[in-house]
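Residue numbers (my numbering), protein chains in the order written: chain A, 555 to 821; chain B, 555 to 821.
Some hints here could point you the wrong way.
Stated by the list, open to error - Below, a list of computed lysine-lysine pairs in the DSBU-like style, where the Cα atoms sit at most 35 Å apart:
1. A:792 <-> B:814
2. A:612 <-> B:814
3. A:820 <-> B:820
4. A:605 <-> B:792
5. B:792 <-> A:653
6. B:653 <-> B:782
7. A:612 <-> B:797
8. B:605 <-> A:612
9. B:605 <-> A:814
10. B:681 <-> A:797
11. B:767 <-> B:782
12. B:792 <-> A:663
13. B:556 <-> B:767
14. B:681 <-> A:792
15. B:792 <-> A:745
16. B:605 <-> A:605
17. A:792 <-> B:605
Said to hold, decoys possible - Label-pair restraints from in silico Cβ distances:
18. A:684 <-> B:810: 33 to 41 Å
19. A:727 <-> B:798: 26 to 34 Å
20. B:801 <-> A:658: 41 to 49 Å
21. B:729 <-> A:710: 27 to 35 Å
22. B:661 <-> A:798: 31 to 39 Å
23. B:814 <-> A:640: 27 to 35 Å
24. A:616 <-> B:730: 52 to 60 Å
25. B:725 <-> A:811: 31 to 39 Å
Quick caveat, the hints were computed from the structure, so don't treat them as lab data.
By construction, the Cβ of each residue, glycine as well, lies at the ideal position given by its N, Cα and C atoms.
Protein chains: 2
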Amino acid sequence: MKGPIGIFDSGLGGLSVVKHLCKLLPSRDIIYFGDTGRVPYGSRSPETIEKYAHQDIKFLQSQGVSMIIAACGTVSSVAPHVGENLGIPFLGVVDPAVKAAIRATSNGKIGVIGTAATINSRAYTRKLLKENPSLEVFEQPCPLLVPLVEAGWISREDLVTREVVRRYLSPLNEKGIDTLILGCTHYPLLKSIISDTMGQNVTLIDTGLESAKAAAKIAAPISHESHKGKCSFFVSDKVDGFKSIAGMFLGYEISEEDIKRVDIEKL
Amino acid sequence: MKGPIGIFDSGLGGLSVVKHLCKLLPSRDIIYFGDTGRVPYGSRSPETIEKYAHQDIKFLQSQGVSMIIAACGTVSSVAPHVGENLGIPFLGVVDPAVKAAIRATSNGKIGVIGTAATINSRAYTRKLLKENPSLEVFEQPCPLLVPLVEAGWISREDLVTREVVRRYLSPLNEKGIDTLILGCTHYPLLKSIISDTMGQNVTLIDTGLESAKAAAKIAAPISHESHKGKCSFFVSDKVDGFKSIAGMFLGYEISEEDIKRVDIEKL
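Excised from the complex, chain A in its bound form:
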């Protein structure tokens, strides 16, 4: 498994997987595709999400990747079958998060938040109950959280974001959950606000981190440990719009030369 690791998302959220994977496997090359020309996926129909995901995968395969991570909660939930028969390992964010949640819960009450499409798919609930039918699972769609993150309203003190989070999460708090799956790779940027709302006794499962850990188990470091992996970024809208928010997710600035534009609709 020598080729680069391919990671795709509807937009920017999947960069949180890149961030974790760079730390876990610093020697591996990564190719990231963000479908910024058609983001968000979470409000679209399953058919459209599946079509877009097929095109995203086709692009990564054209780059010779040796493994693909769907770093998008919506694709992983609604269209996990897009990863079948690719001839290379394919990983979504649902399975690793489900395993982590089951390890974390004590009282068997687990909450799941995600985009409208993710929650409508009931993918998390089905997988959780398959692993352990005695669990109680409570799902909540949070359609405004992605726009809030993309607008940069992520400060812990932001009154609007705090009130939106409170409105979405209060029903889950009332159910007495002790574990909450952040079923969208944008949500870790709101971790402090979510934690303030849910209280310290609720464990938050970061789907991006869990999928990066699972990927690191499959894709071992390359032999020359001294090799410093390179990250290349591809997007379907303008490069400068991506650059300005990417730093928020990655924790470091990227240079414009490392980002290229792709005409994804032609694939």
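Given the coordinates of chain A, assemble chain B onto it according to the supplied hints.
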């Protein structure tokens, strides 16, 4: 000019133009296209917006329309040239709104709100100053208002929406504007909250209403006044998702048979 009137938007906002036009010209047939598979346009780059608008127009032309209205503040501001050389009348929402704002203002201080792409284009400011260089124009991007409307958080008492509107509009209030252009066809659904924030002395210009009035002047009623016009709706994502929110904009429910899906990326 016998063919139907074609109207397009990135998604649902343009339905407010349909609503007004049906009242002004009840005898005319209307064909609406909403690019629900790629909404929103307002956060994308000018190149991508232009590409999408060309495809939207191509679809309407394939339906034999006799006139096209870009009922999308973003397309009208960023890519008005997409309507050149079509051989049929083409109308955006900027010009009619600019004229209405100039008629409305007494103190010459005009505010403009819109999506990020609309405000970055400075289309409203340029047109207003071209008409009257002594005007003072103040622009403000409001990227979260479209997601709030699409989430249905439009009640006058909604604390989140009120606070978001207050945060965006306070700088305009401080400038002492007496006229505010709602530069996005989603915003009329927030009219009461915007009015509460700005005060009764500020005139709100509804771009959808103004463009419908301008279109009605060009497209006269057809000769058989008794003919009841038919509205046909086309979308690029699933039909049922569109149906459920369309009623909010139109003020009446539409039947699923009047909505069809189009593969817009192939055009």
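For each hint, the structure was consulted:
1. A:792 <-> B:814: With a Cα-Cα distance of about 31 Å, the restraint between residue 792 of chain A and residue 814 of chain B holds, given a limit of 35 Å.
2. A:612 <-> B:814: At roughly 28 Å apart (the allowed maximum being 35 Å), residue 814 of chain B and residue 612 of chain A satisfy the hint.
3. A:820 <-> B:820: holds, 9 Å
4. A:605 <-> B:792: It holds: about 13 Å lies between the C-alpha atoms, which stays within 35 Å.
5. B:792 <-> A:653: Within the cut-off at roughly 33 Å; holds.
6. B:653 <-> B:782: holds, 31 Å
7. A:612 <-> B:797: holds, 32 Å
8. B:605 <-> A:612: With Cα atoms ~22 Å apart, residue 605 of chain B and residue 612 of chain A stay inside 35 Å; holds.
9. B:605 <-> A:814: holds, 18 Å
10. B:681 <-> A:797: holds, 31 Å
11. B:767 <-> B:782: This hinted pair holds, its Cα atoms lying about 19 Å apart.
12. B:792 <-> A:663: holds, 34 Å
13. B:556 <-> B:767: holds, 18 Å
14. B:681 <-> A:792: Holds, because 26 Å separates the two Cα atoms, which is no more than 35 Å.
15. B:792 <-> A:745: holds, 33 Å
16. B:605 <-> A:605: holds, 19 Å
17. A:792 <-> B:605: At roughly 13 Å apart (the allowed maximum being 35 Å), residue 605 of chain B and residue 792 of chain A satisfy the hint.
18. A:684 <-> B:810: 33 to 41 Å: Given range 33 to 41 Å: holds, Cβ gap about 34 Å.
19. A:727 <-> B:798: 26 to 34 Å: With a Cβ separation near 28 Å, residue 727 of chain A and residue 798 of chain B satisfy 26 to 34 Å, so the hint holds.
20. B:801 <-> A:658: 41 to 49 Å: holds, 42 Å
21. B:729 <-> A:710: 27 to 35 Å: Check passed, 31 Å falls within 27 to 35 Å.
22. B:661 <-> A:798: 31 to 39 Å: Given about 36 Å between the Cβ atoms, the range holds.
23. B:814 <-> A:640: 27 to 35 Å: holds, 33 Å
24. A:616 <-> B:730: 52 to 60 Å: holds, 56 Å
25. B:725 <-> A:811: 31 to 39 Å: holds, 36 Å
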